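Engineer: As a plain string of letters, each chain reads:
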Amino acid sequence: MQAANDLDSKLILVCCGTGCLANGSREVYQSLKKQLTDSEVTVSTFTKPTGCNGWCEKGPLVKIMPDDITYCQVKASDVPAIVEKTIQNGELLERLLYRDPQTKKRVKSHHQIDFYKKQHKLALRNIGEIDPASIDDYIARDGYKALAKALRKMTPSEVVEEVIASGLRGRGGGGFPTGIKWRAAAGQPAQPKYVICNGDEGDPGAFMDRSIMEGDPHTVIEGMIICAYAIGATRGFIYVRDEYSLAVTNLGIAIDSARRHGYLGNNILGSQLCFDIEIVRGGGAFVCGEETALMASIEGNVGEPRDKYVFPTEKGLWGQPTVINNVETWANIPVIIQDGAEQFAALGTAGSKGTKVFSLVGKVVNTGLVEVPMGTTLRDIIFTIGGGIPGGRGFKAVQTGGPSGGCIPESKLDLQVDFDSLLEAGSMMGSGGIIVMDDRTCMVEIARYYVHFLAGESCGKCTPCREGIKALLDTLTAICHGQGREEDLLYLEEISHTMQDASLCALGRTAANPVLSTLRYFKDEYLAHIREHCCPAGICRELTEFEIDPATCTGCGLCTKNCPVDAISGEKKQAHIIDQNKCIRCGECIDHCRFNAVLVR
Amino acid sequence: MPAETNSKPNEEMLLAIINNYPGENRYILSIMQDMQKQFNYLPRQGLEMIALHVDSPFSQVYSMATFYKAFSLVPKGRINFKVCDGTACHIKGSNVIIDQIYKHLGIRPGETTPDGEFSLETVNCIGACALAPAVLANDRVHPKVTSAGIVEIIKSYGGHVDASSK
Chain A
0 MQAANDLDSK LILVCCGTGC LANGSREVYQ SLKKQLTDSE VTVSTFTKPT
50 GCNGWCEKGP LVKIMPDDIT YCQVKASDVP AIVEKTIQNG ELLERLLYRD
100 PQTKKRVKSH HQIDFYKKQH KLALRNIGEI DPASIDDYIA RDGYKALAKA
150 LRKMTPSEVV EEVIASGLRG RGGGGFPTGI KWRAAAGQPA QPKYVICNGD
200 EGDPGAFMDR SIMEGDPHTV IEGMIICAYA IGATRGFIYV RDEYSLAVTN
250 LGIAIDSARR HGYLGNNILG SQLCFDIEIV RGGGAFVCGE ETALMASIEG
300 NVGEPRDKYV FPTEKGLWGQ PTVINNVETW ANIPVIIQDG AEQFAALGTA
350 GSKGTKVFSL VGKVVNTGLV EVPMGTTLRD IIFTIGGGIP GGRGFKAVQT
400 GGPSGGCIPE SKLDLQVDFD SLLEAGSMMG SGGIIVMDDR TCMVEIARYY
450 VHFLAGESCG KCTPCREGIK ALLDTLTAIC HGQGREEDLL YLEEISHTMQ
500 DASLCALGRT AANPVLSTLR YFKDEYLAHI REHCCPAGIC RELTEFEIDP
550 ATCTGCGLCT KNCPVDAISG EKKQAHIIDQ NKCIRCGECI DHCRFNAVLV
600 R
Chain B
0 MPAETNSKPN EEMLLAIINN YPGENRYILS IMQDMQKQFN YLPRQGLEMI
50 ALHVDSPFSQ VYSMATFYKA FSLVPKGRIN FKVCDGTACH IKGSNVIIDQ
100 IYKHLGIRPG ETTPDGEFSL ETVNCIGACA LAPAVLANDR VHPKVTSAGI
150 VEIIKSYGGH VDASSK
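In order, the protein sequences belong to chains A and B.
To convert, note that position 342 of the first sequence is 341 in numbering that gives the first Met the number 0; the numbers rise steadily by one, no gaps.
To convert, note that position 97 of the second sequence is 96 in numbering that gives the first Met the number 0; the numbers rise steadily by one, no gaps.
EDC-like, lysine to aspartate or glutamate: derived pairs with alpha carbons at most 20 Å apart:
{"hint": "1", "chain 1": "B", "residue 1": "Lys68", "chain 2": "A", "residue 2": "Glu456"}
{"hint": "2", "chain 1": "B", "residue 1": "Lys102", "chain 2": "A", "residue 2": "Asp578"}
{"hint": "3", "chain 1": "A", "residue 1": "Lys581", "chain 2": "A", "residue 2": "Glu541"}
{"hint": "4", "chain 1": "A", "residue 1": "Lys581", "chain 2": "B", "residue 2": "Asp98"}
{"hint": "5", "chain 1": "B", "residue 1": "Lys102", "chain 2": "A", "residue 2": "Glu541"}
{"hint": "6", "chain 1": "A", "residue 1": "Lys560", "chain 2": "B", "residue 2": "Glu151"}
Bear in mind the hints are in silico, worked out from the structure with no lab data behind them.
Source: prediction; values computed, not measured.
Same shape as in the complex, but just chain A (with noise of 0.2 Å):
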């Protein structure tokens, strides 16, 4: 960071995110190192390794600083001309730039892109702006300010006090006020008292706790340390998915650096805290994302849920008073300390404040991580931010809050999103996946999908969600063999409704949430697989037929191409006609046809 402000030095940032990395970011980050070491630049610069930038439909991204240059899509072959044009001479790239699909023009910086414009970055602050590896970086952009302020000018209850009026709620999709969990916590006489950082991510098509672990992981680290003194706990634990394996170095990296700096062990900072951190790494079981599955966990016990008659903050960890809370809330405390509750509290809605960060995925030009206030619309999220659907082709629904959440359809599209908004339409925050589906989608298999994820990690301790999930699943899959009834709808009604009224925990209990809302809002796909055998999005191999249509095929031969199987054939310029015998319906004709000549039947 000292070298942004270093008037003649470059500081050049190379995403090195999951989403980057796969796309060869490393080499791009490897060759700058060595082109800028080797050859003649007279310009002094600094590379940096940064986290997810969240545009990861465009990566590997390279940010050039001070002159606020974003390359997009960069290979380990476009390196010397970035050294030799933009680093000596100052030139820009044209090729590299993003060129705006409606002005046409290329845009120099990511400030100037819609998908970074109506984004507000809180949690995501430091993210791709820092080397997560360096302690330096982050106290260079205010971090542990929030920590010094606490210890130096507040007592632990008025910390508790000015979390509470931040009206931060918990991020991991509990919604419950943090503030609230925090006061609860700090009124126990018992000690020790412990500090929990729940990072086991689990919803399929969700990532931000991933990406903030392993861009910005001291941010969660002085959270943490803040709770600490807030309500009086000497250990915290940081549990994170074993596949999140950058995540669990960079936090490693951070916990050491911290500790040598002060900022955990004895005595912090001067004060009477002493306070350490631990990472426990998770063994990949979606109900260990449950708070009293994910304590059984670091006990070391199988991960099953208990009920919550006492809650965690009276007895939580061995028994002992315990704040838990998710990574993403985490991030969002040294903001409210160091600005002030007033400050988040003016973002958001009524009833939920501050900003969100979701993550954009599925049939969406712009996939990746946003963060935007609370209250933003899902049309400005998904066609704004997002770009819209791919290809052309038309939006069916939303599907929001993982596997326990709900699908969301068109005529929903200005739905302000908060915790509450989202319950009312039947689906609900979750952790803040947001995954778009286009007319390519089948809401019936969709909700078979999500019933089978959730079979396979239901603890099968209650007997509502194990057996229960069971029979929605066959139920489901007959149907998408075509071999539903109709009453089988009421019947999926329900097993539904006495899950949600019995089960244990809230895996059971939010269940059958993908099935009700399908059946809310798409029941008209329901009786197509039913009554007349026909999967309208052509996804359900046994209800499904592609044919092309001889008026629009135009015979370019794309679709021959893309066959993995030769089941096409037809003359260039001649209509093409599909072997049925030979076709294994996988769809890769009617996903590359650019005239909509390829129907289902």
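Following the hints, position chain B against chain A.
Structural biologist: Using the frame of chain A, we list chain B on its own:
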């Protein structure tokens, strides 16, 4: 994937892992993760040694080994395909990839080819949704895999594919 994977476990190697941790229940998970990383599965002998080390019944260690998704009780193939079946990958056709692997290698999720070369499993969201559908071959991510693309990937790892198709 680290170079030492798939080495054949012996008592000495197992002890070396176990002795990195104190003999308390809360370290069972960490010990099993390290074993899984090194051998690609949890050998029965290893589980028995963990039970002794933490002074708990074998049944408890075994119940954890079967509960958590990260563990396998049987050895995996030289190349372990993990097809991401997170939501974004699912709606972009991960099931087609699974079908293609079955067609060419004859294995379904959870299975290994008889020659020990390939195994297949599905995983829940690897957080690379922008690259959907994604396939991991050991630790290498293959982005935006098509039904024809997976055939090329199998070939690139030395697999024999059905010659009648691309």
